[in-house]
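The working numbering numbers the first residue of the sequence shown as 1 and each following residue consecutively.
It should be emphasised that the hints constitute simulated quantities derived from the structure, not laboratory data.
Incorrect hints may appear among the rest.
Under the rule of at most 30 angstroms between Cα atoms (straight-line distance), these lysine-lysine pairs were calculated in the DSS-like manner [what the hints assert, rightly or not]: (1) Lys438 to Lys462; (2) Lys223 to Lys279; (3) Lys394 to Lys410; (4) Lys209 to Lys223; (5) Lys595 to Lys462; (6) Lys60 to Lys6; (7) Lys279 to Lys356.
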Amino acid sequence: MNESTKLNKILRQAQNKLRRLTLLAQRYKQAYITQGALLRLSELASTISDMREFYPAIHKMVSELLLAENFYVVFYDQESQQFSPQYFSDEKDQLTISQLPSSSFASGLTGYVARTGKPLLCGTTEFNQLIAQGHIQALGSPCAHWLGIPLCRGNQVIGVMAIQSYNAEQLYTDSDIDLFFSIGLHTVTALDRVKSRELLEDTVRQRTKQLQNINTSLQKEIKERTNAEQLQAALYRISELTASSRDMSSFYQAMHKVLSGLMPAENCYIALLSADNSKLTFPFYLDQYSVSARERALSRGFTEYVIRCADAKLIDSSTANKLIESGEIHRDSSPANQSGYNSSSWLGAPLIIEQKVIGVIALQSYDTSYSYTENELNILKFVSQNIAVAIQRKLAAEQQKHQQEELERKVFESTRELRQTNLFLRLQVEERKKAEQKLFYEANHDALTGLANRQMFLQQLKQQFALGKRQPNLHAALLFIDLDRFKLINDTLGHHVGDAFLAEVSKRLLSAVREHDLVARLGGDEFVVLLTSLLVDADAEDVAERIIEKVREPFLLHGQEVLSGASIGIAYFQNDHTKAEALLRDADAAMYQAKSLGRNRFVIFTESMREQMLQALKTI
């Protein structure tokens, strides 16, 4: 073999080796590109949580690796045979997703790939062959090259991802097909991750919104409940004022104080009609610009407007001008008119007794930054009914008092001889009443604490029990309280300290309940609280918690600091209670359950406790 032959052989071997190395290098390069694309796809799936951002990001990534200026993604539902475009970008067909019907994909190359489940690289020749064979129809702008791959979840085709070129010289290579196919294989996983994150974040947003709505509702409910409690307390206080006020002046002052707790009432007055309905008197008048108001004849002011309408009115500057223009109100700047023309907001409600208006209660504000609201109008309208009744009762009582005084004066003048006898008899009657009241008090109250005793408590309990039978919806509860360490305090520090301890406990119990609730001492260290007129049963638990907290605080008795606690049993009024004593028994049982669980707590009586009691009786 000559040198030339050997050289040719070596050259051929080197060329073959070079081709293999070149092919291997191309494969490594392709693998590197593919790996990089998949890593970027994974990063997209990890960082993007909105599908509207995910598809453009995939398009951008594919465009950096392939000729993919024209790119789209379509989902496919095998059951309904429907196609739904998710993303569409094309230089020829400038259409939005909403303008792309399912049929435009079903009969085209997209539908063909979805049905076959195989990737497809299609040029003009292949495109015409598929049309001739009846596999597809010519739709949209014709492209030079089309590359589509199925998106599969397991063995099921869920969509198609495709790129296309309108330039015949821009060819897709086998490497492009492999790379695009690899991207498609991992796109479904990425889609699922993004959708899952999107769903999770949407769920979090919805839950957050729900919690915000719940919080808003709770705040509203708390506010409404607080307002209702304030209103109820105000009405109760107004009712009390009828009996507790010394005279009408103090009554009006106290009533204004109650009203100020519900709304701004710096400027307030009460106007009453005279007996012949021709004049207005102002028994109460409080105004920052005027010291007092004189009696005046009826005119056409705000006050008279409310009297004529017999309804509460909220009047601002705009409403006032309209009323003046209509002739309902006459302009009068005189302070004696009390028509509120200088005020920026005026609120008035009629005082009605037996369907007859006897006067008006009014509030006004001179501050332009504040205006009364419809809610305050409704409150004043509601409160005015109680104020009217209270005023009528108070006026009637005052009139009766004056009549009584006048009668007594006449009797005194006409019966001077009997004055001493009457005085003696009156003193006897008063002494007897005082004696009877003292006997009644001593018979019904605990001598040490001043609280109701067992006898009075049982009477009140039976009355409440009878009331509950007539009114099944009435909420009431009984709290049975046992003091911890009382025997130790009594035996160690002496009976005088024990008595002082019980007296101090009584004060704390009274401070923890409402005025109309009954606190009684049954004997020893056992106390009971009868809670009536509860809005809901759960209010009893709030009272129990307050009692526990107050009794838990240290007692300073005769220079000694004493610690105690309270175990409380709660029993609610139930229709199945046949006797009042049964309710006391249930509360007692719940109290013993509280002591057995560790004291300084309360336990609500349940049917299971009653069954345990019955079972215990059977085993005795």
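Okay, the hints, checked on the actual structure:
1. Between lysine 438 and lysine 462 the CA atoms are separated by roughly 23 angstroms; this keeps the pair inside 30 angstroms, and the hint holds.
2. At most 30 angstroms may separate the alpha-carbon atoms for a hinted pair to count; lysine 223 and lysine 279 exceed this at roughly 41 angstroms.
3. A hinted pair counts as satisfied when its Cα atoms are at most 30 angstroms apart, and lysine 394 with lysine 410 qualifies at roughly 24 angstroms.
4. Distance hint between lysine 209 and lysine 223 is fulfilled; the C-alpha atoms sit about 21 angstroms from each other, no more than 30 angstroms.
5. Of the supplied pair hints, the one linking lysine 595 and lysine 462 holds, its CA atoms being roughly 27 angstroms apart against a limit of 30 angstroms.
6. Between lysine 60 and lysine 6, the direct Cα distance comes to roughly 53 angstroms. Violation of the 30 angstroms bound is thereby established for this hinted pair.
7. Using a Cα cut-off of 30 angstroms, the hinted pair lysine 279 and lysine 356 holds, with the two alpha carbons roughly 16 angstroms apart.
Hint compliance for this structure: hints 2, 6 are not met, and every other hint is.
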